[in-house]
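Chemist: This is what each chain is made of:
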Amino acid sequence: MTQKYLIPLAAVFLLFLVAYTGAGAGLGWFFGIVFPYLAVLAFLVGFVVKVTGWAASAVPFRIPTTCGQQKSLPWIKQNCIDNPDTSSGVILRMLLEIFTFRSLFRNTKAAFNRNASNRITYSWEIFLWVGALAFHYAFLVVILRHFRFFTAPVPSCIQFLEALDGIVQVGLPGLFLSGVVLPAAALFLLARRLFDAKVRYVSQAADFFPLFLILGIAATGISMRYFTKVDIVGIKEMTMGLVTFSPVIPDGIGGLFYGHLFLVSILFAYFPASKLMHLGGVFLSPTRNMANNTRAKRHVNPWNYDVPIHTYQDYEDHFRDKMIEAGLPVEKKE
Amino acid sequence: MADELTPDELLDKIDYGAPSGDWMDTTKSVQIRPGMYCYAAKAESVETLGLPNARPWNPIEEDWKLPDNWQQILHEGIKERLERFRTFKIFMDVCVRCGACADKCHFFLGTGDPKNMPVLRAELLRSVYRNDFTTAGKILQKIPGGQRLAGARPLTIDVLKEMWYYFFQCTECRRCSVFCPYGIDTAEITIMARELFNLIGLNIDWIATPVSNCYQTGNHLGIQPHAFKDMLEFFVEDLEDITGVDCTPNFQKKGADILFITPSGDVFADPGTYTCQGYLILFKYLKDKYGLDVTWSTYASEGGNFGFFTSHETMKRLNAKMYAEAKRLGVKWILGGECGHMWRVIHQYMDTMNGPADFLEVPVNPITGTRFDNAASTKMVHITEFTADLIKHGKLELDKGRNANRIMTFHDSCNTSRGMGLLDEPRYVIKNVCDNFYEMPPNTIRENTFCCGSGSGLNAGENMELRMAGALPRATALKHVHEKYGVNTLGTICAIDRAALSTLCEYWVPEVEVAGIHELVGNALILPGEKERTEDLRMEPLPGCEEEE
Chain E
0 MTQKYLIPLA
10 AVFLLFLVAY
20 TGAGAGLGWF
30 FGIVFPYLAV
40 LAFLVGFVVK
50 VTGWAASAVP
60 FRIPTTCGQQ
70 KSLPWIKQNC
80 IDNPDTSSGV
90 ILRMLLEIFT
100 FRSLFRNTKA
110 AFNRNASNRI
120 TYSWEIFLWV
130 GALAFHYAFL
140 VVILRHFRFF
150 TAPVPSCIQF
160 LEALDGIVQV
170 GLPGLFLSGV
180 VLPAAALFLL
190 ARRLFDAKVR
200 YVSQAADFFP
210 LFLILGIAAT
220 GISMRYFTKV
230 DIVGIKEMTM
240 GLVTFSPVIP
250 DGIGGLFYGH
260 LFLVSILFAY
270 FPASKLMHLG
280 GVFLSPTRNM
290 ANNTRAKRHV
300 NPWNYDVPIH
310 TYQDYEDHFR
320 DKMIEAGLPV
330 EKKE
Chain P
0 MADELTPDEL
10 LDKIDYGAPS
20 GDWMDTTKSV
30 QIRPGMYCYA
40 AKAESVETLG
50 LPNARPWNPI
60 EEDWKLPDNW
70 QQILHEGIKE
80 RLERFRTFKI
90 FMDVCVRCGA
100 CADKCHFFLG
110 TGDPKNMPVL
120 RAELLRSVYR
130 NDFTTAGKIL
140 QKIPGGQRLA
150 GARPLTIDVL
160 KEMWYYFFQC
170 TECRRCSVFC
180 PYGIDTAEIT
190 IMARELFNLI
200 GLNIDWIATP
210 VSNCYQTGNH
220 LGIQPHAFKD
230 MLEFFVEDLE
240 DITGVDCTPN
250 FQKKGADILF
260 ITPSGDVFAD
270 PGTYTCQGYL
280 ILFKYLKDKY
290 GLDVTWSTYA
300 SEGGNFGFFT
310 SHETMKRLNA
320 KMYAEAKRLG
330 VKWILGGECG
340 HMWRVIHQYM
350 DTMNGPADFL
360 EVPVNPITGT
370 RFDNAASTKM
380 VHITEFTADL
390 IKHGKLELDK
400 GRNANRIMTF
410 HDSCNTSRGM
420 GLLDEPRYVI
430 KNVCDNFYEM
440 PPNTIRENTF
450 CCGSGSGLNA
460 GENMELRMAG
470 ALPRATALKH
480 VHEKYGVNTL
490 GTICAIDRAA
500 LSTLCEYWVP
510 EVEVAGIHEL
520 VGNALILPGE
530 KERTEDLRME
540 PLPGCEEEE
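Chains E and P, in that order, give the protein sequences.
Once you know that position 202 of the first sequence is 201 in numbering that gives the first Met the number 0, the rest is easy, because the numbers rise by one and skip nothing.
Once you know that position 429 of the second sequence is 428 in numbering that gives the first Met the number 0, the rest is easy, because the numbers rise by one and skip nothing.
One chain only, chain P, in its complex shape (with noise of 0.2 angstroms):
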């Protein structure tokens, strides 16, 4: 735990020199080490959906009670993927090792620890797949010495704990297939590694429960659909304390305008329930000026979708939802909201998987006249692309006054920006409602943003060490604005960072605070009918409000 290992005994250990010797020879010694591991799958997890080889087990112990033909499962799944995936194929075959990526990995440069390297990472599997599927591979094994000239190596207990512990060591953040140049992306390679461990019931814990809990009771936190009403009409108490305005939401509305999903984490956790306070602002604001209807629905709750990180099929499973109700409910499009990895499902997988959306409507925005066609097909739209675009209309009364205290910096999140490239969107909303902003480094934000360190299921509290080794990228790069600019506030369009770069603040820059994008507008926004604000939402006086001492 990082609670024991303070950041400089930390950054004591990293070294980005390379060891000497073949780094085949080192996976019999791999440890699989506390805090840098995440719990087993409990087995009620993996049995609601009916996934393979639900029981305990411990990863830490010798017996991972495996099914006798693992390897015999493996070796097929592997071969399935080659055919169905054209990117593993090509993955597995081209890679020439120049090391353009060696560095790119914010696990790397966190831990030096050249496994964490993703060209190695990548060669873990694909030692694997030259000893079995290569012609190359299969002529050398039968040499003396041949198969590691081919560098190959069978698929034996410990080849697979070696892979196990370090594919769950990666985020799925594809800042190396930037750099890669034949656009290897290792989000992809760990992608094919989780769904094969799935095969054998290989998940973490922290991946299966919420996956579990989304299947079963709609979103990931397993909140049933009277305790997220409560929540929702929590932060509605809480609001018209604030605002002085009754911001009630609609639940599961048949005939409104718009559905509107979000990760689950908003409703449940600081700082993103203020993001989702800024969520209802906003959707009042918009009905009481404009009369636009917008509903939320607690059986679609949840905009995230750990299935992405357990296998396709698990996504797919998670994600059909979101049409399911929207069908249902007979709105005309989907609004989402602030989440990294749950872009990339809908973005780059969600029409492909469970389209086509025929029965939704090309999004139109009703108050600006504005369609949407980059959503044309999939039929949802991202909450910055539709608040920038009321706010270049003029359609929101803004008082950026009230976001004065906030010096912001903004936090690119690998998958909004690597798998769709949201990148000015967010900064055109933060430069509307805040007049202090400052970007990080060039090499750290945008298309070379660094990860927060616990993405792809990896924010739980057991694997601390990885997680803050992992955000030291970020947090270096937020440290040099803290003290440059004073930068105060880092701005953030995922929930899962909104909860891990938190964490990351409170370990490396302890001056800086967490925010969504959607807080500070519904801190701007000027409700009809609001009473004079003196609080953010927060609960923190709003500066110029501040009580004399």
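Next up, chain E with everything else stripped away, as it sits in the complex (with noise of 0.2 angstroms):
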């Protein structure tokens, strides 16, 4: 069990050394334009490969879970949000469950008590809602923030969620909230893995370590930001050279802006390959989004084929003799 988190653990740390040291050692070229082109070529690639070939395969039934009065008599309020009957209404669910998370808002949990009544209770389990909106939202905040070195002028949008983000005003350089949810949350869900029996033993290495990594990230980047001081301004030399295809290497950005962007990296190579790729399946889970309305409109399966069945004639063959005795009405009366 422990190797299910030391190793991925391990392999953060040792990647982190690796262009750490490499950097140092004249590689700069490789961790910083190289390796960073094929990671960003390798998760396109392999997020539109994977995307496509959920898509390539058949939806042939329309399966939706639904999760609240059907439509069905006029009278009868229909729950239009968790079990739509129109694309608006799914597109409803599909923004509630992609922004808000919808379905682990609902989540509960359960205890059982040996006791006189043998009770099983059911309280609400908030904190899982609240640690994974904590985390994804601190992450979108960051990655946002971050066009700021990709970008010249600094687009206004991006200024105005600075100074959101910054609004606490505590410190110098200020504070960013998003810096201190981001690892908060990841911290928080590492945690769960760890101490929750029950997560615990369903945790594979594959849940590790995305977590490890992204924690890694979040620490050198707040390193660098609070602690290390690094050549801000080379670094939106090397970063805008990057994203205009005219890529250059300056000089005294030091190792451990190569170790937080080499950890960028492989996080984006690693996604399309990962349990990550929940981003894209969210939006195609057809238990979600799918509007519950077989009876009322047809769903088309397109690999439907022929069956051999029983058929009336085949029964009545069978069983003529008896259907005539007991008076059953029949086709052939021999």
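What the hints contain is simulated information worked out from the structure, not anything from laboratory work.
Using N, Cα and C, we set each Cβ at its ideal position, and we do this for glycine too.
A few of these clues could be false.
Claimed, not checked - Covered by chain E, per the in silico footprint, the following chain P stretches (three or more residues, Cβ under 8 angstroms):
#1 3-15
#2 143-150
#3 157-171
#4 251-263
#5 359-368
#6 383-397
#7 526-536
Claimed, not checked - Away from chain P, derived, C-beta distances all over 12 angstroms, residues of chain E:
#8 W128
#9 D250
#10 Y311
Reassemble the complex: the two chains are provided individually, in unrelated frames, and hints are given to aid placement.
Modeler: Here it is, written out as structure tokens:
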């Protein structure tokens, strides 16, 4: 069991060290230019291949999971979001799922008390939802903030987001909320995996690796911003070089940055082959993205094929005498 | 057998903590244990439909008598299904093992067995998928220890046996799917797994024999046409004693308005039989009052579809009868009785598989004028939709007092709630035929409802320990309302429930009885020309008619 998290943890350390020392040994061009390009390419190609692979599979039946009252009689109130029968309902359901993790919000925790009443009790378990939401939104803000390194001039929306993220105005350089929330939430999710017996039992190395990787990315990023100051002008020169396809390796950027960039690159390259593809999958899940109107509108199965059936004629041939004797109507009298 | 395991012994076994270590190390030690598994499919039942590898075999014996190339058959079977079902492909890829589903499964809650956590049940198959079908799995295989790191494993006989054991411990109830942030539906994964098992002849008999019966004889129980008619006529005699009215139904009547199809369980066993009598009373009432002509069919005498628990193809083969018979008889549309998985099949599969039903009309209730637009294409209406509409328009004369002895609660069936959303229709009917109705706690009803523990073909006798463990969450909620409000009747709209919940009550909450909704309708409905009733459909005294001591 321990190897499931120790190996991913060691791997992340190792990856960081490889880039840190490699860049110092004159391989900056590799970790700063070649690998990031390859990683982004792997991400884009992998992502598209995966999603088109899913899309290539048929959706033979319309099987949404219905989580509320269906549309039936006009005087019975339908739950238009959790049991949508129209595209707009489905869109609303999907938006709530994607942006607010609605299904996770329902989460409960069951407990069994072996005593006189032997009750199973269910309590609302909000922490996974809070942790997941905090993690994903903080990550999104961090990613969006980083667009300041890839744009010149920095668009006002990015500057506005930065201002919002730094609204607490603590310390210098100003503290970003996302920089606190992201690692805190990631640590919470990690702690769940380590200390909740059930979650630990189902966890794989593939669940720990991305968490450690993201924690590594956050740690190196935070360290550069708040503690070991780096040559921010040089870094921007380099990142701008990357997006304008005229890459340069300025001097004096430091191993920490290469470590950071390498871990990010690994994340990109790893993404399409991993569970992180839930980013794409959530949009395509047939139990959520279909309207519950199969009885009202016919759904076509592209590979529907004819099957042998036991026809009425076969049936009557088999039972004709008995049917006639019992007074049941038959097609042929003999 | 649960006969040997008392409720207390069963409760003693429950522990929601998970063991330490790696679940993959426990595969070899999985013991297929009496009380927890169903007997193997009989060869002759498998042969009826010409399904593969019919032979006698026994799950607890070492040799399962598989074809030599069983691994290849399964590998190709998985590959084919990944292409045919986007659900399967996505559900194999996107699970993040967040654990939200872990304690949502009634079998986990009743057994504490970690492999009954939906996530782990799916991982049994997913680990094989990762090994054989993913890039990461294929790369990591090549380094020592890499397979384990990828969470992958080859499909060995032990892995197969473990999967078989646990995919027949899932009732395809979809409760986990409600809580999954990606809508991963374990029912869908179980459906795929069982389809794969059937490719190498690994069905259970409680599914295979009903399927064979249904195919040949028209219904799961193998009731032949003359016997089916006899059984309904037997009810007619009882009803004449109770009501003084002759409720003889039509059989195979060409040109009738409506074809009625219900699970054969309602013809066969108590308390479903009382529900069946309720249907007979309702149809007699509608015939006499409004001239509505409803017919039954002995050919299409099965609403349920155990083919659904075998493979999509078998489901289609059994379901085809409904439209075929409606077409032959020339009815306008089809009315379906109270059943759970039957309605998932009708609602989400039938039209796609065996439609278009262009020979039928968009269902209109001729008595109220209501057009059932929600069934405009499939042309099949649920009986509680139909009855609720009649009641709403004041078309039924009801005497609630005849159900005054019933203190009701309602068990939402998995399939009608999470595969359809039929929630308020049955409640509306109940409230109009009975005065005392109390809901079970919100975490256990509607879309959160708990399975009876015996669905998806697991309603056998030999796996009673499993069934009663799976029944525990439902039983606990029922016990709560029994103690709090004095609930004595558990209403349900599912034939398997009527059988399974009766066993559940006997085991866990003996003071509660199970009743179909149309049994209550049958009690309350005042037939034209009926005599003064003193007995309910169970031939027990009506409230107020009890004999003086």
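Chemist: Each hint: holds or not?
Modeler: Status of the hints after comparison with the structure:
Only when three residues or more bring their CB closer than 8 angstroms to a CB of chain E does the claim for the segment 3-15 of chain P stand; here the count is 4, and the claim holds. Check on the segment 143-150 of chain P: 5 of its residues sit with their Cβ under 8 angstroms from a Cβ of chain E, so the three-residue criterion for coverage holds. Taking a C-beta to C-beta cut-off of 8 angstroms, the segment 157-171 of chain P contributes 0 residues in contact with chain E, too few for the three needed, and the coverage statement is violated. Coverage of the segment 251-263 of chain P by chain E holds. Counting CB-CB distances below 8 angstroms, 3 residues qualify, and the rule asks for three or more.
Proximity of the segment 359-368 of chain P to chain E, defined as three or more residues with a beta carbon under 8 angstroms from a beta carbon of that chain, is not established by the 0 residues found. With a threshold of 8 angstroms between beta carbons, the proposed coverage of the segment 383-397 of chain P by chain E holds, since 4 of its residues qualify and at least three are required. For a cut-off of 8 angstroms, the count of residues in the segment 526-536 of chain P with a CB near a CB of chain E stands at 0, and the three-residue condition is violated. E:W128, annotated as away from the interface, has a beta carbon of chain P within 12 angstroms; the closest lies near 9 angstroms.
For E:D250, the condition that its CB be more than 12 angstroms from all CB atoms of chain P holds, with the nearest at approximately 37 angstroms. A beta-carbon of chain P comes within 12 angstroms of the beta-carbon of E:Y311; the shortest separation is about 5 angstroms.
Checked against the numbered hints above, the structure breaks hints 3, 5, 7, 8, 10 and satisfies the rest.
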